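*Asks:* Single-letter residue listing:
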Amino acid sequence: MTRYETGLCLPAPHRAGTALPRLLPGAPADVTSPASLRAHLRRHGPRPSCGGDRAHRQRLIDEVERSHLTGRGGAAFPAAVKLRALAAAPRIPVVIANGVEGEPASAKDKVLLMSAPHLVLDGAVCAAELTGAGEAVIVAHEAAWETVRIAAAERRAADYDPVPVRVLAAAAGFTAGEASAVVHWAGRGAPVPTGRPPRLGGPGRRPAALVSNVETLAHLALIMRHGASWFRAAGTPAEPGSMLVTILGEVRYPGVYEIEPGTPVSCLLELAGGTTAEPGALLIGGYFGTWAAAADALPLPFSAAGLSPVGAVPGAGVLAVLPARACGLAETARLTRYLADSSAGQCGPCIFGLGAIARELEQAAALGGCDLPAVRRWLRDVTGRGACRHPDGTALMVASALRVFRAEITLHERGRCSAISSAAVLPVREPAP
Amino acid sequence: MTSPARLAVDPIACDGRGLCAELLPGLITLDDWGFPVIARGDIPASLQKEAAAVARLCPRLALRLEQAAPNSPDRGQIPPRRSSRLVLRPDTGVRRPGS
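Chains as they are written, first to last, in our numbering: chain A, 1 to 433; chain B, 1001 to 1099.
Bear in mind the hints are in silico, worked out from the structure with no lab data behind them.
As the structure is a prediction and not an experimental result, all values here were calculated from the model.
Where a beta carbon is used, it is the ideal one built from N, C-alpha and C, also for glycine.
Heads up, a few of these hints could be off.
Stretch by stretch, here's where chain A covers chain B in the computed footprint (C-beta under 8 Å, at least three residues) [as the list claims (entries may be wrong)]:
1) 1006 to 1020
2) 1056 to 1064
So the derived list for chain A, only partly shown, Cβ under 10 Å to chain B, looks like this [unchecked claim]:
3) Val192
4) Thr194
5) Pro323
6) Asp381
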């Protein structure tokens, strides 16, 4: 096994004073045991009140805006814009903390919920106070649900929160984490996207729900405690704060790490113990992310600005290493099949389009030839044609694979494959029935 | 004078019956699976009446004519809240998947 040597990874001078982790426990062993309310308060101090009159809440939302906190669920939407829109909604909104994390490659939300549930609950209550919400609902992945429920019960017994907090176990499946699907699940018990924007409180009778990723809310809880300047002391000026990443695939210690945006990709792999085989390609951002050749991506800073040369964004913080000995085309075909099967099955272009793309890629991976012009046309055809972004995200990932694995695809057309291993690298789970 | 309008498909309601593409071939084509693809841009004023009629004819009520979006409310100040709260599903304790 060869370890990928990247040299020294020292923090940049302006970051030398930043203490990480902020969200995760200091000792890795604590990651599996949740912090009690008392331990949480000892570490972070009490949650400051974010309620009060409109002018006061306005000032606090201005502080969130100054922090440049962006959504950590993948879309990187500015948190302050959401808070302001919901605070101005004509109906009393509901805050929904999205801890569904249906993507099998990502574990950061589960790890956060299981190690620091009170930080997420603090954030959800802060968001509820800032927007004048009547309730905060935490929708947590099956694996973390019990932990969060116990934490919420602990707070209720201590009469700690000014708004009611409810904990809901998430539905299974990839699309269950889509924002409108989470609202649909919390409201009607059906975990499928609705196609209507649930995030913004619109006029009339449109439901006003603030759906926010659990990590975003945890950051919010700390910004309300320590202020925007503290938050901005980590990360880059354009992408400040810390962020949770899930590093997996061909690394020695796959897992969840808290990093600063702007850290070179090679240093992130060092953090995970280095690669255990020569890396061939990286999947950056998640299953809706971007494939990049390892050699191109390794020197780049892990941030939206830094990753732009390979057309990637940090997204939901997934960084997966595909070894050079594996076939990128076969891996892409497997992921695409999983995503096609994960379609909520509501929109024709998603049902038939993703299925057709997956079939073509599977055939190409099996050396059966591939109608590339048709695949390219279908990628365009499915984009923007569903109620949610499931087809769009899948198309982006496949389009990047067609670029990065071009040589492999050509080789396959000639009836050969460069891979010496057919072992699957990236996890896929059975889609929900 | 008519205000600019566009056709929009509700992709969940749409079943790919194809009536719209047959009646408005200039504005709507079908993809490889028989689902409508709407031409980009505003509908020419001369076709607006026909487009509105076809939207009403969709057997799945999945096609609609959208007038230009009205201005969105000002950002910045939080206005006072008037109406009542959104009611989610009644709280029946904790819900587990599949239950």
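*Asks:* State for each hint whether it applies.
*Replies:* Hint check:
no., hint, result
1, 1006 to 1020, "holds (count 6)"
2, 1056 to 1064, "violated (count 0)"
3, Val192, "holds (9 Å)"
4, Thr194, "holds (8 Å)"
5, Pro323, "violated (35 Å)"
6, Asp381, "holds (5 Å)"
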